[in-house]
Amino acid sequence: MAVTGLVFIGYVLLHMYGNLKVFAGQEAFDEYAHHLRTFGEPMLPYGGLLWVIRVVLLLSIIGHAYAAFTLWARASKARTQKYVVKKAVAATLSSKMMRWGGVTLLLFVIFHLLHFTTRTINVNGDKDSPYDRVVSSFQPEMWWVAVIYLLAMCALAMHLRHGVWSACQTLGFTNTAASRARANFAGVFLAVVIAGGFALVPLSILFGIVD
Amino acid sequence: MKITLNIWRQANAAAKGAMQKYELDDVSEDMSFLEMLDLLNENLNEQGEDPVAFDSDCREGICGMCSLMINGQAHGPEVTTTCQLHMRSFKDGETITIEPWRAEPFPVLKDLVVDRSAFDRIIQSGGYISANTGSAPEANNLPVEKAKADRAFDVATCIGCGACVAACPNGSASLFLGAKITHLGSLPQGQPERDTRVVDMVAQHDHEGFGGCTNIGECTAACPKEIPLDVISQLNKDLRTAMKHGY
Amino acid sequence: MTETQTPATTSDAAGFFTLGDPVADTKAPAEASVPTRWEERKSHAKLVNPANRRKIKVIIVGTGLAGAAAGATLGEAGYQVESFCYQDSPRRAHSIAAQGGINAAKNYRNDGDSVYRLFYDTVKGGDFRSRESNSYRLAEVSANIIDQCVAQGVPFAREYGGLLDNRSFGGVQVSRTFYARGQTGQQLLIGAYQALERQVAAGTVTTHTRHEMLELITTEDADGQTHAKGIIVRDMVTGEIETHLGDAVVLATGGYGNVYFLSTNAMGSNVTAAWRAHRKGAYMGNPCYTQIHPTCIPVSGENQSKLTLMSESLRNDGRIWVPKKKEDCAKDPRDIPEEDRDYYLERIYPAFGNLVPRDIASRQAKYMCDDGRGVGPEVDGVRRGVYLDFADAIKRLGRDAVETKYGNLFDMYAQITAENPYEVPMRVYPAVHYVMGGLWVDYDLESNVKGLFVAGEANFSDQGANRLGASALMQGLADGYFVLPYTIANYLADSHERIDESHPAVVEAKKSVEERINHFLTVNGTRSVDSYHKELGHLMWEYCGMERTKEGLSLAIEKIRELKADFWKNVKVLGTAESLNQSLERAGRVADFFELGELMCIDALNRRESCGGHFRAESQTADGEAERIDEEFAYVAAWEWAGEDGHMPVLHKESLSYEAIEMKARSYK
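Residue numbers (my numbering), protein chains in the order written: chain G, 878 to 1088; chain U, 29 to 275; chain D, 64 to 732.
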């Protein structure tokens, strides 16, 4: 769970870096998208690196989901008779949302892939330039697309906030008060930076900063 | 004080239980929570009703026999054991819901009494240092760094009450497990069996049917001895090390 | 052994008992000098071949320090051990609640400590009423205990150099007490518990939790000698009555302080196992020797179910006082000026001050309160409390240092009383804490019933009439780890008849248990078990507590008998026998407390001297100190059960002689 989670953190950081290229203009963004496909040539065929990444991500998601559902099943088996009254004292909202939040993110990722990768879902006219596709998707008249993405980023932020801390704990990095504080900080920091970084793009388009 | 109690009644392990309401007058603020239940039982006895079964023994917060989920919190609203909880922590006229610990590895035996022998079996699987009587070397031959000795003591204060399991949304006993792993692993005497200990104890923990840890922290908040959450990190670290060593 | 009994006429208790033959310990090698006796005994005791050990079954009742340590050690040796406890886990036995520490003659402090000195302190502290050989052995093996516990991972307090720390504890002038903050008992018990569970995993020990021993099974051999063959227990969850047979039975069932209802013992602590053994022939030694601990949290109301002890270590830095003037008693103690405070222990005992032995500190607190100078809330019209003040210690050492040393105790006090002891002096009052009396045993810890061994607080042997602080843990572990495993082999080495469940002794024992249970459930009376227990406790505390008199004890016996008769006719126990039934469990225990309470009063009445924890008002010096009467009472009173009502108990005297230490008056002035 922790290891696959860390793979995702690495990936979303790179992904976010790419997204922020939107602010460098259409040429830079499209160039970047193209470069991702030619990266490693001629050792790798066109799009090869992307497929390598996709395979790693696919394996990770399988591992991550398998572990998550196993834990979920164990938890429900460990307490079949629920409490009439149960108070949460220390649990953060993020920690309580891990499971349904994770499912939400999974659904979102499928939507996202259908939207931008396979282009099965076409929200505002199919464009060949990746930059155009992004910009057209988040236009104010298509506000609901932006809302979907922004909600997903909220879910991602919460997932990261608890996930990062929990991964550090699971990997045994939090044996001292200082390391515990660091892991907690890392959770909040990565949640804000990653979710915030992603959210900048749809927000900027929505409010006409990028067009 | 006047108190309304909403208590889980269950005749035996096989029976189906239900919540039942009781009214209690003349509760004094200086009574302990269990003395309040003693009073209820005296009244029930008088009325010819079966008294409520609940566990308690030392009544000074150290034996770990008492339990009770009180208004949704293990051992009630204070950071202490139920036996050290006093009625001054409640308001006059309050309704108090009392339930047993809920976890499959802790089956209810009667009313509020549960079977926690799963904890004993976890200790049997490796929660000890193998030192036969008579074989011990002179105690001061092996100095122990004070910081480590203190760390060992802090986590060795676990009383095995099961509040961590009761409070955990996953029904995990990782805090109990981590406390023992950390206690014995902090001391030089605990090193020879460190790898096998953690592997065997985790296996027994899972075998008993406790849930997995997702690091939520309810356990440590409910722990009357304030065992810190980092013992679970230590447990994971030891497990990682043991796996590296090929266990 | 009752052939030559004669009615006793000269005793205060004449008319309540008969005098039997003297009894003596025959196992300690009398020809050897006191310091060499244990070595001598170990060298000549019979051994059991390792191959035979796995065919031998030892039953151990109780899983406190003595029971768990003996179980683990006998398991390691290869015996089959059946271990029983009434709690839901062996780890919960009441040894866990001991706070202060454990003594050992290690002399790590280089302050002149030695085995002899620990032995001397034990005998003197016990007011020359303990058996010299046993006390010496206790001191001798004390050092091994620390080694053993450290090897098991018991996290004792350490100094910055990494070596073990010590502190000075109650009534002695050397630092020989090892401790784990205020939770020494817990840490030692967890160590023994883990060792026991390790043997469960190894297959040598089987634990039976939530099982209560209700009868001892005995048979007579060809010589008319009684042997223990097993026990009858009740599964407290299913109610099933089970028979367990073995080659020897060990009772490590703790003390019977709960006869007083309010005590520092656990709610479930009881005398039943020991008392059933007593009724089957085992002598009860010195039952009246009770230890009243001076520093407990005072009683706050009538619904109180138990008393909480504050570690004696608090007396190292806290100062005990009461107001000099009665009119100051209701005042905020911080408003009472220094000159109006009576630091009475420092005044009366300048050499030992606040560190006088427990019995002295307790009795003085009682006198202060009887004098009308007690503090705290009035309960039944009297303020029963004295101040234990840390203001000076905080000034001298700083709040942080005090917090490091006593933080958990202060927190506990604040939790119970809702007062902050860093700001306001604590209030403390004596409470029943430990009993020195118990089943009579010889040097091998074997009772007069052969094959019945008794260890820890349950036996009478090592502490005399008063126990020193930090010596209970020492005795429990000494018996369990280092004494019993040697001595029990001596009995097990001989072949003894084995019986099966069809033996008349088993059938009879089981039947009597079932009848008793059936009786409680069918009386259908009007009073709860607890109400009887409370009333018995009041009687015992009033008349057989810190100060005892002939009139009081005689009255108590009469009242206990009346109450007991009423209990059997009028107790109300609901529920069934075939389920978890906590009222039924208590009913059986209280029934035995009645008989014990009566015997304690008879023993106290007979012992017309003051010694240790037993203070007879008739026997005191001009300045109010306890006065022993050595020429008349230098003996252990071993009481034999003679039968139900109308049969008077039989007193067997074991005379005490002192070779290694000269017997003299105990003085702490």
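Please note that a few of the clues may not be correct.
[Unchecked claim] Examples of chain D residues lying across from chain U (beta carbon under 8 Å, computed): (1) Pro-113; (2) Asn-115; (3) Asp-151; (4) Gln-215; (5) Glu-222; (6) Gln-288.
[To be verified] BS3-like mimics (lysine-lysine), calculated; alpha carbons at most 25 Å apart, straight line: (7) Lys-49(U) - Lys-954(G); (8) Lys-963(G) - Lys-176(U); (9) Lys-635(D) - Lys-90(D); (10) Lys-176(U) - Lys-468(D); (11) Lys-44(U) - Lys-964(G); (12) Lys-174(U) - Lys-468(D); (13) Lys-49(U) - Lys-959(G); (14) Lys-573(D) - Lys-597(D); (15) Lys-120(D) - Lys-574(D); (16) Lys-174(U) - Lys-964(G); (17) Lys-964(G) - Lys-272(U); (18) Lys-635(D) - Lys-574(D); (19) Lys-574(D) - Lys-597(D); (20) Lys-963(G) - Lys-973(G); (21) Lys-176(U) - Lys-964(G); (22) Lys-635(D) - Lys-49(U); (23) Lys-468(D) - Lys-513(D); (24) Lys-44(U) - Lys-963(G).
Note that these hints are calculated values from the structure, not bench results. This one's a predicted model, so the numbers in the text were calculated from it and none came from an experiment. Where is the CB? At the ideal position from N, CA and C, for every residue including glycine.
So, going through the hints one by one against the coordinates:
Of the supplied interface hints, the one on Pro-113(D) is violated, with its beta-carbon coming no nearer than about 13 Å to a beta-carbon of chain U, more than 8 Å. This hint is violated: Asn-115(D) has a C-beta 19 Å from the nearest C-beta of chain U, more than the 8 Å allowed. At its closest, the beta carbon of Asp-151(D) sits 6 Å from a beta carbon of chain U; the interface hint therefore holds under the 8 Å criterion. With 8 Å as the threshold, the beta carbon of Gln-215(D) comes within range of chain U, its nearest partner Cβ sitting at about 5 Å, so the hint holds.
Taken as an interface hint, Glu-222(D) checks out: its beta carbon lies about 7 Å from the nearest beta carbon of chain U, inside 8 Å. Checking Gln-288(D) against chain U by beta carbon gives a least distance of about 30 Å; that is not within 8 Å, so the hint is violated. At roughly 29 Å between alpha-carbon atoms, Lys-49(U) and Lys-954(G) are farther apart than 25 Å, so this suggested pair is violated. Between Lys-963(G) and Lys-176(U), the direct Cα distance comes to roughly 36 Å. Violation of the 25 Å bound is thereby established for this hinted pair.
Proposed proximity of Lys-635(D) and Lys-90(D) is contradicted: the alpha carbons are some 47 Å apart, above 25 Å. Using a Cα cut-off of 25 Å, the hinted pair Lys-176(U) and Lys-468(D) holds, with the two alpha carbons roughly 18 Å apart. Simply put, Lys-44(U) and Lys-964(G) have alpha-carbon atoms about 24 Å apart, close enough for the 25 Å limit, and the pair holds. Straight-line distance between C-alpha atoms of Lys-174(U) and Lys-468(D) comes to about 15 Å, which keeps the hinted pair within the 25 Å bound.
Among the hinted pairs, Lys-49(U) with Lys-959(G) is consistent with the structure: their alpha-carbon atoms are about 19 Å apart, no more than 25 Å. Restraint check: the Cα-Cα separation between Lys-573(D) and Lys-597(D) comes to about 30 Å, which exceeds 25 Å; the hinted pair is violated. Straight-line distance between C-alpha atoms of Lys-120(D) and Lys-574(D) comes to about 24 Å, which keeps the hinted pair within the 25 Å bound. Between Lys-174(U) and Lys-964(G) the alpha-carbon distance is near 38 Å, which puts this suggested pair outside the 25 Å criterion.
Distance check on the hinted pair: Lys-964(G) and Lys-272(U) sit about 39 Å apart at the alpha-carbon level, beyond 25 Å; violated. Proximity of Lys-635(D) to Lys-574(D) is assessed by CA-CA distance (about 22 Å); at most 25 Å being required, the pair is judged to hold. With a CA separation close to 30 Å, the supplied pair Lys-574(D) and Lys-597(D) exceeds the 25 Å bound. The suggested pairing of Lys-963(G) with Lys-973(G) holds, with an alpha-carbon distance near 13 Å, which does not exceed 25 Å.
Straight-line distance between C-alpha atoms of Lys-176(U) and Lys-964(G) comes to about 35 Å, which puts the hinted pair past the 25 Å bound. Straight-line distance between C-alpha atoms of Lys-635(D) and Lys-49(U) comes to about 23 Å, which keeps the hinted pair within the 25 Å bound. A distance of roughly 46 Å separates the Cα atoms of Lys-468(D) and Lys-513(D); the hinted pair therefore is violated under the 25 Å criterion. Simply put, Lys-44(U) and Lys-963(G) have alpha-carbon atoms about 20 Å apart, close enough for the 25 Å limit, and the pair holds.
Violated hints, in rising order: 1, 2, 6, 7, 8, 9, 14, 16, 17, 19, 21, 23; the structure is consistent with all others.
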